[in-house]
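There are 6 protein chains.
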Amino acid sequence: MNDEQKRRVACHELGHALVAVFSPKADPLRKVSIIPHGNAALGYTLQLPADDQFLLSRTELLTRIRGMLGGRAAEEVECGEVSTGAQNDLEHATALARQMVCVFGMSDKVGLANCAQRPPDLLAGLEYPLQRDCSEQTARDVDEEVKKILDQAYA
Amino acid sequence: MNDEQKRRVACHELGHALVAVFSPKADPLRKVSIIPHGNAALGYTLQLPADDQFLLSRTELLTRIRGMLGGRAAEEVECGEVSTGAQNDLEHATALARQMVCVFGMSDKVGLANCAQRPPDLLAGLEYPLQRDCSEQTARDVDEEVKKILDQAYA
Amino acid sequence: MNDEQKRRVACHELGHALVAVFSPKADPLRKVSIIPHGNAALGYTLQLPADDQFLLSRTELLTRIRGMLGGRAAEEVECGEVSTGAQNDLEHATALARQMVCVFGMSDKVGLANCAQRPPDLLAGLEYPLQRDCSEQTARDVDEEVKKILDQAYA
Amino acid sequence: MNDEQKRRVACHELGHALVAVFSPKADPLRKVSIIPHGNAALGYTLQLPADDQFLLSRTELLTRIRGMLGGRAAEEVECGEVSTGAQNDLEHATALARQMVCVFGMSDKVGLANCAQRPPDLLAGLEYPLQRDCSEQTARDVDEEVKKILDQAYA
Amino acid sequence: MNDEQKRRVACHELGHALVAVFSPKADPLRKVSIIPHGNAALGYTLQLPADDQFLLSRTELLTRIRGMLGGRAAEEVECGEVSTGAQNDLEHATALARQMVCVFGMSDKVGLANCAQRPPDLLAGLEYPLQRDCSEQTARDVDEEVKKILDQAYA
Amino acid sequence: MNDEQKRRVACHELGHALVAVFSPKADPLRKVSIIPHGNAALGYTLQLPADDQFLLSRTELLTRIRGMLGGRAAEEVECGEVSTGAQNDLEHATALARQMVCVFGMSDKVGLANCAQRPPDLLAGLEYPLQRDCSEQTARDVDEEVKKILDQAYA
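Chains as they are written, first to last, in our numbering: chain A, 7 to 161; chain C, 7 to 161; chain F, 7 to 161; chain E, 7 to 161; chain W, 7 to 161; chain S, 7 to 161.
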């Protein structure tokens with residue numbers, strides 16, 4: 007890994023760490039590493055909750071999303087442009103925002119209805135593909151709400 | 007589980023219990039627990055019908071939905087914001103509201119037509135995925151009616 | 007089963023029976039029962055055709071649909087609101103109305119074209135899911151026509 | 007089978023036969039039967055081409071469709087309303103009209119493009135569901151053209 | 007095969023041959039046959055390229071499509087109407103036009119993006135159905151462009 | 007392979023090479039060949055990065071796309087029209103542009119949300135087809151953004 011890439015990784019992890027330190031509800035920061043570990047991770051930022059977490063409030067969920075996006079924000083500010091390094095962060099942040107909208111009922115527009123994809127109740131055999139049981143209109147609302155949550159968290 | 011989480015669980019179960027006590031048609035309340043039971047339940051509210059229930063009227067169905075949403079409402083009022091704890095309640099309330107619209111013919115807009123997903127009649131083998139046999143327009147009507155039932159029950 | 011539920015079952019079956027008796031083209035009424043039989047049926051209304059029926063005219067089909075909806079109508083009038091007891095009736099009435107529109111060519115709007123879901127002709131192996139071979143626009147027309155048939159039968 | 011049903015079957019088969027006799031391009035009529043044969047057929051009208059047919063012109067295809075719809079037309083005129091007896095005729099007429107539009111390029115609106123459902127060329131294994139490879143807009147055009155062909159043939 | 011059908015086959019193959027002879031970029035014509043070969047072919051027109059063809063320019067592709075449609079054009083002009091005989095030609099011409107739009111980037115409207123159906127890259131096992139990875143809007147653009155290519159080639 | 011085709015292959019590979027040489031961020035050019043290698047490749051242009059690449063910035067991704075499209079551009083300029091030779095380049099360039107929009111969050115219009123097709127998290131067995139978990143509206147936005155990236159890279 008050349009120097010430019012090492013600098014980018016350092017910026018990225020620092021971004022995660024800064025959000026963790028300055029967010030009142032964030033899980034405490036334990037360790038930051040920019041030494042590559044095998045093929046999977048070029049670096050990592052480790053946060054561990056003080057207690058076991060059985061429930062997460064809306065604020066705690068948004069704090070987690072903000073933390074995930076901190077690495078990309080740091081790259082944009084420090085390196086002038088974003089890179090492929092935020093792929094995993096974006097995937098996890100999207101999944102969490104989608105859960106907020108689809109299974110936790112935390113979007114006014116979509117409402118309380120569970121609209122996640124799931125196997126049908128009666129025939130939950132492994133052979134069945136998941137069914138999208140909502141309409142295209144609801145799917146569009148979900149996409150808009152997910153985009154809004156991520157945009158606000160990144161702002 | 008720290009104190010804040012315990013308080014939230016207590017609020018949540020109390021919300022279920024209050025709806026059960028004050029709804030004329032609700033099944034009688036038997037037990038409320040806020041002691042975690044294994045991984046699945048942080049607490050529970052047990053209601054058992056006085057007799058075996060073979061039929062449920064429209065009012066009884068709405069009362070059940072209101073009871074399911076009582077936990078989330080109590081969290082919102084007492085803890086200031088909602089949490090991930092209502093996930094199961096929302097899933098069950100959505101499923102019940104969807105049945106009212108799709109298989110019990112209880113929505114004027116969607117009408118009497120059964121529009122649930124089901125395996126085709128002639129070839130009900132296990133290998134077949136369920137078919138959505140209604141149009142996108144009907145799916146949108148169903149989503150709107152389900153949202154309306156839940157919003158009214160939560161109000 | 008408590009008294010309220012028994013009364014509802016009696017109303018429901020009586021509704022079926024009344025339509026059967028007063029419709030000129032209905033199959034003759036043989037037996038009405040409101041004694042529960044196992045888990046499946048809380049009561050039943052038995053109609054048997056005078057002869058074997060190989061063909062059903064449009065009028066005979068509509069009479070059958072009206073008979074199926076008679077139970078729900080009686081519940082609504084006598085008990086003040088509908089219940090979950092009409093689920094099977096609605097499923098069968100929907101299927102029959104859908105056949106009128108999709109395979110018997112009995113809707114002017116949809117026309118003569120067969121638009122039912124069916125396995126493809128050449129490869130009718132059991133492994134194939136049924137194909138919806140019509141457009142979303144046609145699916146919407148079908149839904150509207152099915153709703154109209156049921157609404158008119160219920161009126 | 008009661009007399010009313012026998013009369014209806016006779017009308018239906020006579021309708022097929024009349025179209026066969028009076029259409030210049032129709033295959034010659036060989037036999038008409040209104041005696042039920044097993045469970046499948048209540049009657050039949052047999053037409054056999056004078057020679058082997060390797061190619062069918064547009065006119066010959068339309069003549070076949072008209073013949074298929076003759077039974078239903080006769081029921082409507084003679085018995086006052088249509089019945090379930092035309093189900094097979096409608097299915098075959100729809101399939102033929104659909105082929106005219108989708109694989110024989112005989113609709114100006116849809117044009118010459120093949121838009122039939124078919125398994126992908128490279129992976130034509132039996133495990134694959136057929137793919138609809140056209141857009142919803144094209145599917146709607148196909149449905150409209152099929153409806154027009156059938157309406158004109160029935161007029 | 008009666009005389010009318012023989013004449014139609016002759017017209018059809020002659021149509022292919024004429025396009026082959028008069029198109030500057032067409033592969034040289036080797037043989038024309040109107041003697042049926044088994045069940046599959048009533049006649050054929052054989053064109054073989056002068057050299058092995060590893061690349062085909064846009065002009066060469068359009069010439070091939072024009073040749074495929076020559077048989078149908080000749081039937082329309084000489085026999086007064088088209089027949090089922092052009093089915094294979096239309097299927098191949100459609101497939102080629104679709105490739106021009108979807109994988110060779112030869113349509114300005116659709117642009118350079120590959121929008122063909124294909125199995126996902128990572129999980130290319132045989133059990134997976136092909137995925138349509140473009141939107142309905144793009145599918146509509148593809149259909150319009152394919153129709154335009156065929157219409158212009160037939161004009 | 008005749009001379010015209012050889013000239014076309016030479017143009018195509020030269021196009022790739024020219025972009026590689028004149029782009030500041032492009033991977034260094036190692037070898038250009040226009041000698042066919044088996045059935046798969048008529049020629050190739052080999053670029054190897056100076057260091058192992060663990061991360062790619064937005065600029066580096068766009069440079070790669072521009073390099074992939076260089077072959078087609080050269081054919082268009084030098085040979086007067088494009089050919090089938092750019093098929094692989096277009097497929098790879100599309101895939102890269104699609105990743106930029108769907109998994110790297112590099113499109114303002116689509117935003118940060120991951121919208122790639124992927125197997126559901128919980129049931130990642132091999133039997134499941136990938137699910138498109140975004141709405142048609144988002145799919146359309148993705149297509150437009152992918153087209154824009156390719157058009158700008160080709161300009």
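Honestly, the hints are just simulated from the structure, not real lab data.
Be careful, since some hints might not be right.
[Said to hold, decoys possible] When the alpha-carbon atoms are kept at most 30 Å apart in a straight line, the in silico DSSO-like pairs for lysine-lysine are as follows: (1) 115(F) x 115(E); (2) 37(S) x 115(S); (3) 154(C) x 153(A); (4) 37(W) x 115(E); (5) 31(S) x 154(A).
[Stated by the list, open to error] Interface residues of chain E toward chain W, partial, derived using beta-carbon atoms under 7 Å: (6) 38; (7) 39; (8) 41; (9) 42; (10) 61; (11) 85; (12) 113; (13) 142; (14) 143; (15) 160.
Don't be surprised by glycine CBs; every beta carbon is placed ideally from N, CA and C.
These are the hints, each one checked on the structure:
no.: 1; hint: 115(F) x 115(E); verdict: holds, 20 Å
no.: 2; hint: 37(S) x 115(S); verdict: violated, 38 Å
no.: 3; hint: 154(C) x 153(A); verdict: holds, 24 Å
no.: 4; hint: 37(W) x 115(E); verdict: violated, 35 Å
no.: 5; hint: 31(S) x 154(A); verdict: violated, 34 Å
no.: 6; hint: 38; verdict: violated, 26 Å
no.: 7; hint: 39; verdict: violated, 28 Å
no.: 8; hint: 41; verdict: violated, 34 Å
no.: 9; hint: 42; verdict: violated, 34 Å
no.: 10; hint: 61; verdict: holds, 5 Å
no.: 11; hint: 85; verdict: violated, 35 Å
no.: 12; hint: 113; verdict: violated, 11 Å
no.: 13; hint: 142; verdict: holds, 6 Å
no.: 14; hint: 143; verdict: holds, 5 Å
no.: 15; hint: 160; verdict: violated, 21 Å
Of the hints listed earlier, those the structure fails to meet are numbers 2, 4, 5, 6, 7, 8, 9, 11, 12 and 15, in rising order.
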